[in-house]
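Peer 1: Two independent chains are provided; combine them into the complex using the hints.
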Amino acid sequence: MYYVELLLVGLVWGCTYAMMALGLTLVYGLLRILHVAQATVFTLGAYVGLLVANHAGSLAAAFVAAALAAGALGPVIYRLVYQPILDKPPFVALVASIGVLIAMEDGFRLIFGPYGLSFAKNTWFTTAYSFAGMTLNLVQIWMVVAALVLLSVFAVFASRTRAGVAWRATVSDPPMAEGFGVSVTGVRYLAFFIASVLAGIAGVLVGLLNNLVEPGMGAVISYKGLAIIVLGGLGNVPGTLVASLVLGVVESYGTVFLDKVMDRDAIAFLFLIIVLMIRPQGLLGKAG
Amino acid sequence: MSLKSPSKLLAAAALAAAFAVPAAAQNIRIGFHAPLTGFAASDGKTALQGAELAVEQINAAGGIHGRKLELVVQDDQAKPDQALPLANKYIGEGLKVVISGSYSGPTRAAAGVFQNAKIPYISAYAIHPDITRAGNFVFRTSFMGEVQGRAAVKLIGDNLKKKKVTLLTLNNDFGQALSAGFKEAAGKFGVQVASEYTYAMGDRQFGSIVASVKKDGPEVLYVSGYFFNGGPLVAQLRAGGVSVPIVGTEGFDTHNFISIAKDAAEGVIITTSLDRDTKLPEMRQFIDDYEKRFNVGAEMVAASTHTAVNVVAVAMRKVGADDPVKLREAIAATKDLSVATGRISFNALGEVYKAAQIQIIKGGKFRYYAVIDDPVLLAPPTK
Chain Z
1 MYYVELLLVG LVWGCTYAMM ALGLTLVYGL LRILHVAQAT VFTLGAYVGL
51 LVANHAGSLA AAFVAAALAA GALGPVIYRL VYQPILDKPP FVALVASIGV
101 LIAMEDGFRL IFGPYGLSFA KNTWFTTAYS FAGMTLNLVQ IWMVVAALVL
151 LSVFAVFASR TRAGVAWRAT VSDPPMAEGF GVSVTGVRYL AFFIASVLAG
201 IAGVLVGLLN NLVEPGMGAV ISYKGLAIIV LGGLGNVPGT LVASLVLGVV
251 ESYGTVFLDK VMDRDAIAFL FLIIVLMIRP QGLLGKAG
Chain Y
289 MSLKSPSKLL AAAALAAAFA VPAAAQNIRI GFHAPLTGFA ASDGKTALQG
339 AELAVEQINA AGGIHGRKLE LVVQDDQAKP DQALPLANKY IGEGLKVVIS
389 GSYSGPTRAA AGVFQNAKIP YISAYAIHPD ITRAGNFVFR TSFMGEVQGR
439 AAVKLIGDNL KKKKVTLLTL NNDFGQALSA GFKEAAGKFG VQVASEYTYA
489 MGDRQFGSIV ASVKKDGPEV LYVSGYFFNG GPLVAQLRAG GVSVPIVGTE
539 GFDTHNFISI AKDAAEGVII TTSLDRDTKL PEMRQFIDDY EKRFNVGAEM
589 VAASTHTAVN VVAVAMRKVG ADDPVKLREA IAATKDLSVA TGRISFNALG
639 EVYKAAQIQI IKGGKFRYYA VIDDPVLLAP PTK
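As they're listed, the protein sequences go chains Z and Y. Quick note on our numbering: the first sequence kicks off at 1 and runs consecutively. Quick note on our numbering: the second sequence kicks off at 289 and runs consecutively.
For reference, chain Y alone in the conformation it holds in the complex (with noise of 0.2 Å):
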């Protein structure tokens, strides 16, 4: 409908004052904020589509209690400058609960907001520790970067058996506490770090870090950043000549890291949060249907938001949508729920916890490599 006309702008008007009468059925509606402009707009339209295609599957199975969710989208471009004036919009229209599908940015600069609103806010995939101490509620479904890079030592040193490693690491706070983690575990696992050497998230050129991973020769290589930095640097290591094996983090999690890098892609593993090879139903279902959905391969970014839209679903079904105290009490109350990631549990400060899916690309496509489920190594911290 176009309103170009001043009365069919009153007529709209007066059709959305109806509409504002609370009635029975009307959708519950749900925040989501992603970066669907700039530089990080690829992770954005992905992370909306897991969203979206958890709403339309809990809608196509009758909604909560007979009706249907609805999500308000709003484009943060994952600046934090953006995410003051968008949590007061979603406040401002009586949200009950939040979505992030963004970066740290933003969603550690809206959860200060929420709570201070009293509103249940999830962080999809945002890693910043600050993001969840803003309180209690303030939930993610994600891994907390320190906690992958613990999955990584032991996979270098349990699964792969190596011991010398030369950390590449991203310098934002995602590759800082990915690189935290991984040095904190480092000696529990007889894994030592030979050299680190770090490079931002503008970078397209390693040629520097390639000459000194030479160098220091090391027997395998852990990799922070995302596919279209990380992608670059991977195939200018292979081309390189670094032969060694590579480990790499969830911001790999994306058939885009294989486009870019191809052939150097190849036998690349991973942490992660999805296992394209699982037996679990939901998240076997969920990659199938996101398939189906959209035409292209499921990605880690898609089902933390599918996940995060199923906790929200599942609280709701107990406590109703309308209540953002109870709804809170129900979130944090959620244990060993299956979902698009895995089988996950909050803990008292709503942090996640779960296994660490371990991918290999083989043929161009991720596959299963191993699973760690340690709860001791993988404990997310409480405080």
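The following block holds chain Z by itself, in its conformation from the complex (with noise of 0.2 Å):
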């Protein structure tokens, strides 16, 4: 049962990565701008989820806030920092992404202080179920469904609607997406405003889940979202999700079986290498 337990703390650990990749492989498919500014809009989902949660004392109030709040902010970092530099080489998106998210991480520092804070009531937390010697809280239950609902929306608006299939002309051929009348600028705010209310949603989550909201609490999981895609196949959706939860599943074996040789982000990068020494191309291959 502890292996059981051990294999399900990784599924959680992966749907969390899964919110979080799904928005850099959806920037990634239509831009080629690898989005490590993604982290600051998880990190202001959490914050705000946080504050409002604290003060209105209602959580679904604190993700209908956060949603907004990353939903917002994303499609300004692309207007603000990415549409001017869009005919630059692609690393020229990079640095500045890299300069958004340090500029905000202090910009958070100064507003909600150095400490991190943490909710007032997590009831989500301290409400655990135990079966078969198990033990899961609500948090990750929540997590888990919040991946499943959130992720099964965004396979149906991809395949069934008009926004989606516009989304999916303009990821393999923009020209002629637009040739055939499709807004590739209004697909790409929309890109952005889905991939920053799944990061916002997922930094309400991961807040409650560590039960800790703090200014650099991105950094990371942005920097693992890029190993996530380049798992997944750059690009690739299904290989994306695929790769996010074998991820968290290594990691939560890694973390006590490998503690004393490396540390979880470490253990992160070593199956990044091992997976690309073995299959170049990604888990399930590149996107079409």
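It is worth saying that the hints were derived from the structure and are not from the lab. Please note that a few of the clues may not be correct.
[To be verified] Chain Z is nowhere near these chain Y residues, computed Cβ spacing over 10 Å in every case:
no.	residue
1	K333
2	I497
3	P569
[As the list claims (entries may be wrong)] List time: in silico DSSO-like cross-link candidates among lysine-lysine, alpha-carbon distance up to 30 Å:
no.	chain 1	residue 1	chain 2	residue 2
4	Z	K121	Y	K650
5	Y	K623	Y	K606
6	Y	K451	Z	K260
[Claimed, not checked] Some but not every residue of chain Z turned toward chain Y, in silico, with C-beta under 8 Å:
no.	residue
7	V9
8	N54
9	G107
10	R109
11	N137
12	D173
Here the structure is a predicted model, which is why all the values come from computation and not from measurement. Don't be surprised by glycine CBs; every beta carbon is placed ideally from N, CA and C.
Peer 2: In structure tokens:
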């Protein structure tokens, strides 16, 4: 049962990664930008969620507020940071993105203080369910539920709606899509909005799961997100999801069996190196 | 004063030059570096406040032979690569003594520089063993990790009367030293280390460790770390249904630990240098004055920098502030000096001896639990 519990812990971590990495892969698919600054959106979501939860006492309101705040910030970053440099080589956007991440991290530190904040009443965290010798708390359960629901909604959106078709068309051939009357700019804003809403919700969930919201909380998960989209095959959405879950599980076992040798983040990148040596195209191969 | 126009700049330069001439009542400048930005910024800020309070108190009481103390503060971001330029700047400015209010990384890197320059250097709370090994100009006012680990064994074996322990160890020098000291002394108190899991500075999610602790079923946990990772760790252990006593270290000695872990912090016992219920006048006064001055409870980090400044001040009263070699001798001779962290003495290596204060968190506050004053068990290394 211990091994099953570790598996569950890993799947919960994997769901966190999935919600972050899906956004990264969306942005990469459209613009070939490694959107490291997604971490900023994630952290903003966590702070907004925490402040609303602590003042209004409602987690539902916290999630709505976090999704809206994050959903607004992503497109703003696109408009102000990426759009003016779209004609430059991709590394220019990457450098700009890292710049935004560092600046915003210190911004959070100035506004909310360096110490980190925790939820006044984290009932999801303290409500635990035990079965067969294993314990899961409500945050862990909601993490999985949220990932499943949001990613399913996204799958339906991508395959069944006009906007979804427009998005897929723009990914595979932007000039052709534009020729058929698709607003490429609109698709980009939409992609940043979706990516950011997912990141914002993930931020609140991770804040609840860690019982801590702090200025630098997004950095590691964002760099890991980059590792995941490479693992999944760049721009490949199903590959990204598989890579997220596999990495979560590898980390869960790694943190208790390899802990004397290397830490959790090192495990993630070692795993990346090994996979890329065996399958340079990523776990499920590159997108179309 | 803003220095926008060239004429003002010139005037300022002239003014600075005028002050550069040695004057009888010139301030005594003490170097002080701490991580004021970056991941360790909260400890850095607290450390600076402790030192500032000490300087204010000493100056209010007339300073050192009529001269006022002045801190020359630099930010090291807790990064070793900031330490060399910073140390050289202090040396270039002719400072005669420097205090580290920082972590081991920068402190260890700077220690050698100050040793070579023959300038006394006091590490207030950085714990790496190599720091004082840099030479006889380097001192430390905090417990070494090993010493604190040994105190925890005695606490668990003698006071709590528990035997089977699981260690949750932060994988930096602080955590490793605590763990090493703990394991070394475990046998003497009949304490058995059932298992040990290590985690990284950046970890905030401990689901796999919580599951492992439940599988191992220890009677007590010995947890190292700081408030920002230890706080979530303790909260996640409690939420995951682990109810055995948790023994922590001075890394948890901050109200931030309690404000993050909240109810889960209740009953956590730590080994530290600060007793909130102390009757020692110097420690009592520090705790009360700190709270009055900064509107926040005193912490180990601040008590340590406050101690370091006072060690320097006491030495300066004896031998003056201008000869670093004499100053070193006076600091080295510190014996049974009552300060914010208790009654302290230095050994030949420049390491401190003091009693270990055991505090328990009750009603959201650190309270007295026990004191371990065992000169043999808590003897710092001499080489």
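Peer 1: Holds or violated: K623(Y) and K606(Y), Cα atoms, limit 30 Å.
Peer 2: Holds, at about 13 Å.
Peer 1: Looking at I497(Y) again, its CB stays over 10 Å from all of chain Z?
Peer 2: Non-interface label fails for I497(Y): nearest chain Z Cβ at 7 Å, not farther than 10 Å.
Peer 1: Against chain Y, with CB atoms and a cut of 8 Å, does the hint on N137(Z) hold up?
Peer 2: holds (6 Å)
Peer 1: Taking the least C-beta to C-beta distance, is V9(Z) closer than 8 Å to chain Y?
Peer 2: holds (4 Å)
Peer 1: Going by Cβ atoms, does P569(Y) stay more than 10 Å from chain Z at every point?
Peer 2: Since the minimum Cβ distance to chain Z is about 31 Å, P569(Y) lies beyond 10 Å and the statement holds.
Peer 1: Regarding the pair K121(Z) and K650(Y), is the alpha-carbon distance no greater than 30 Å?
Peer 2: holds (19 Å)
Peer 1: Min Cβ distance, N54(Z) to chain Y: is it shorter than 8 Å?
Peer 2: violated (12 Å)
Peer 1: Tell me if the interface restraint on G107(Z) is satisfied: Cβ within less than 8 Å of some Cβ in chain Y.
Peer 2: Given a least distance of 12 Å, the restraint on G107(Z) is violated.
Peer 1: Interface hint check: D173(Z), Cβ to nearest Cβ on chain Y, cutoff 8 Å. Holds or violated?
Peer 2: Constraint on D173(Z) not satisfied, violated at 40 Å.
Peer 1: Is K333(Y) truly not at the interface, in the sense that its beta carbon sits beyond 10 Å from all beta carbons of chain Z?
Peer 2: violated (7 Å)
Peer 1: K451(Y) and K260(Z) were given as a pair; does the straight-line alpha-carbon distance stay at or below 30 Å?
Peer 2: holds (23 Å)
Peer 1: Holds or violated: is there a CB of chain Y closer than 8 Å to the CB of R109(Z)?
Peer 2: Since the shortest Cβ distance to chain Y is 7 Å, the answer is holds.
The structure is inconsistent with the numbered hints 1, 2, 8, 9 and 12, although it conforms to all the rest.
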